[in-house]
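Asks: Sequence:
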Amino acid sequence: MRVTHEMFAILAAVVIAGGGHWLADGKPSGIPAIEMEQTPLAEGEIALETLQNEGREGVLFVDARRESEWRSDGLPGSIHLTTLSDQPLADQLIPHFEELLQARRIVVYCGDIHCGLSHELAEALKTYPDLLGGEVSVLHGGVVALKQAGWIKETNPGS
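In case it helps, this note's numbering puts the sequence shown at residues 5 to 163.
Result set (DMTMM-like, lysine to aspartate or glutamate): computed pairs, CA atoms no more than 20 angstroms apart in a straight line:
hint, residue 1, residue 2
1, LYS157, ASP77
2, LYS130, ASP95
3, LYS130, GLU47
Distance ranges between label pairs, derived from CB positions:
hint, residue 1, residue 2, range
4, GLN96, ASN57, 24 to 32 angstroms
5, GLN91, GLN56, 31 to 39 angstroms
6, ARG6, LEU88, 47 to 55 angstroms
What the hints contain is simulated information worked out from the structure, not anything from laboratory work.
C-beta atoms are modelled at their ideal positions from N, C-alpha and C, and glycine is treated no differently.
Construct all of the structure, not just a fragment, from the sequences and the given hints.
Replies: Written as structure tokens, this is what we have:
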């Protein structure tokens with residue numbers, strides 16, 4: 005019984021401390037932004053700032069997440085390709101042949117800096133060099149970066 009009371013007291017102290025922190029600092033936010041700023045670009049990644057400076061002309065964005073996520077909040081004008089599908093990537097590429105060939109840069113994105121789908125898809129795309137018009141890059145920060153920059157609203161359709 006004594007152990008139960010001690011555990012309850014510890015739990016109560018943690019909840020009170022967390023609640024006090026919440027009241028003092030407000031709702032946690034900006035953690036992904038801070039994490040993106042502190043995480044260096046990995047090989048093959050591009051920062052959204054670089055894309056903003058270069059301009060979006062000729063850039064094809066590819067959402068590597070699940071189709072339902074892309075439809076829910078994908079970047080308008082982006083296409084959906086993924087390694088999560090039962091459909092082979094080669095078959096997914098066919099409807100987007102012209103877009104891929106005409107792009108000066110192909111930017112693959114997924115959820116955030118911890119999502120490996122974009123890197124996986126970018127590597128898979130590079131195995132089709134004859135179908136790609138431009139360099140393949142992975143967007144550092146993914147959807148989180150796009151939303152923070154205002155490129156994606158909370159409920160935009162992907163296409």
